[in-house]
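No gaps in the numbering here: position 104 of the sequence shown is 104 in the working numbering, and each next residue is one more.
Among the hints, erroneous ones may be present.
Said to hold, decoys possible - Derived DSS-like pairs: lysine-lysine, alpha-carbon spacing no greater than 25 Å straight-line: (1) Lys366 - Lys155; (2) Lys338 - Lys46; (3) Lys46 - Lys111; (4) Lys155 - Lys363; (5) Lys12 - Lys36; (6) Lys378 - Lys363; (7) Lys339 - Lys179; (8) Lys36 - Lys131; (9) Lys12 - Lys366; (10) Lys71 - Lys239; (11) Lys46 - Lys366; (12) Lys377 - Lys111; (13) Lys131 - Lys155; (14) Lys339 - Lys199.
Derived by calculation from the structure, the hints in this document are not laboratory data.
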Amino acid sequence: MYLQNHPAVNHKIRILHLLNELTLAGKELQTLRLVKNINPAKYDCKIALMNCTFPLEKLGAEQLPILLLNKKPGNDWRIPFKINRICRNNRIDIVHTHSWGTLIEGVMGAKMAGVPVLVHSEYGTFPSEWKYRLVEKTFWSLTNRLVVVSGDLKKRIWQSIQFPPDRLRIIYNSVDETKFFPSHSLRVQFRRVFGFSQKDFIVGTIGRFHEVKNHEMLLRAAAKLIHNGHDLQVVLVSKGQREQVLRDLSASLGIANRLHFLGFQLDINLIMNGLDVFALTSFSEGCSTVLLEAMFCEKAIVATNVGGNPELIADRYTGLLVGSNDHEQLAQKILFLKKNQDVRSDLGRNARRIAFEKFRLNKMVKAYEELYSYEYKKGLVFGTYNKTD
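Take the sequences, apply the hints, and build the full model.
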């Protein structure tokens, strides 16, 4: 009865998301999906970006309420004050920070503004040096809830930082099932557009050219197969400073004519449907968005057995798992899939069915809606909220 009569309980819950920037990457895409699909009758979301370097229209974000903080390189003392002003001007109820890059400034700005609820999300990587971990733990403790995207990440946070498990909540990433689906016509279109034949056996991966993604593992596995007389093509979808490193490696391995750099691509559903096998060779993952997209597209998947990957991929049922940086095992699995089309089909169908059951967009959105409402109402009960419209 108390909550029903409280003057603040009936207005929309006003949420400010803080991101470093918006790009074609996991946490950024997940945040966009959440903001676009959360119930607008109950939640009013805004996004504040430290910087903006990627065209918003390419992300379908040009119509969203986005605020630019224009952060200077390094530590910028102005940012907490800017966040404070945004929170006060917009009467923000919840500040949701995403990863290390927004944590300190976001918590400081929210506390200055008297924002009653702080939520922070971690996606798979966090600082390794003890002094940074101490700072991180300190600021985590100032939030109401820490969200992680996999059980593995929850376990690692406890083991490495000893952050209380009862303060953590697992919410898996998601995919919009209406935008990722198997399609033979898209397979034909992909191969026509990018110059492949319909008979080519194509192994591909999608992800930023960063050391943690370990694209080298895929190139070495492909080289082993190609030099042993097996015909295949390799596709890499991304851009970045390490592209030349990968080009040089492919040349030294003698597979430059089989490696295809497609750059940034917006239509990932088209790319996925063009592949025969999707490979994810990262050293570390939280809850890989691109892996979920491959599952929804019914792809045969080979992924490293690291991080949250085994929570998505059941080995030999929804995909195949290999050891981290074990390119020889990866080569064996790719060859096995190349020789067994029925297995590829079975793995793909199983993967899509599990993805549809567990990782649809509406499941993630509902989980965040429940979290926001719970923390907001808890603030009302314990007196941390005193705003009224």
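Cross-check of the supplied hints:
no.: 1; hint: Lys366 - Lys155; result: holds, 24 Å
no.: 2; hint: Lys338 - Lys46; result: violated, 46 Å
no.: 3; hint: Lys46 - Lys111; result: holds, 18 Å
no.: 4; hint: Lys155 - Lys363; result: holds, 23 Å
no.: 5; hint: Lys12 - Lys36; result: holds, 16 Å
no.: 6; hint: Lys378 - Lys363; result: holds, 22 Å
no.: 7; hint: Lys339 - Lys179; result: violated, 30 Å
no.: 8; hint: Lys36 - Lys131; result: violated, 37 Å
no.: 9; hint: Lys12 - Lys366; result: holds, 16 Å
no.: 10; hint: Lys71 - Lys239; result: holds, 24 Å
no.: 11; hint: Lys46 - Lys366; result: holds, 18 Å
no.: 12; hint: Lys377 - Lys111; result: holds, 18 Å
no.: 13; hint: Lys131 - Lys155; result: holds, 20 Å
no.: 14; hint: Lys339 - Lys199; result: holds, 13 Å
Taken one by one, the earlier hints fail for this structure at numbers 2, 7 and 8, listed in ascending order.
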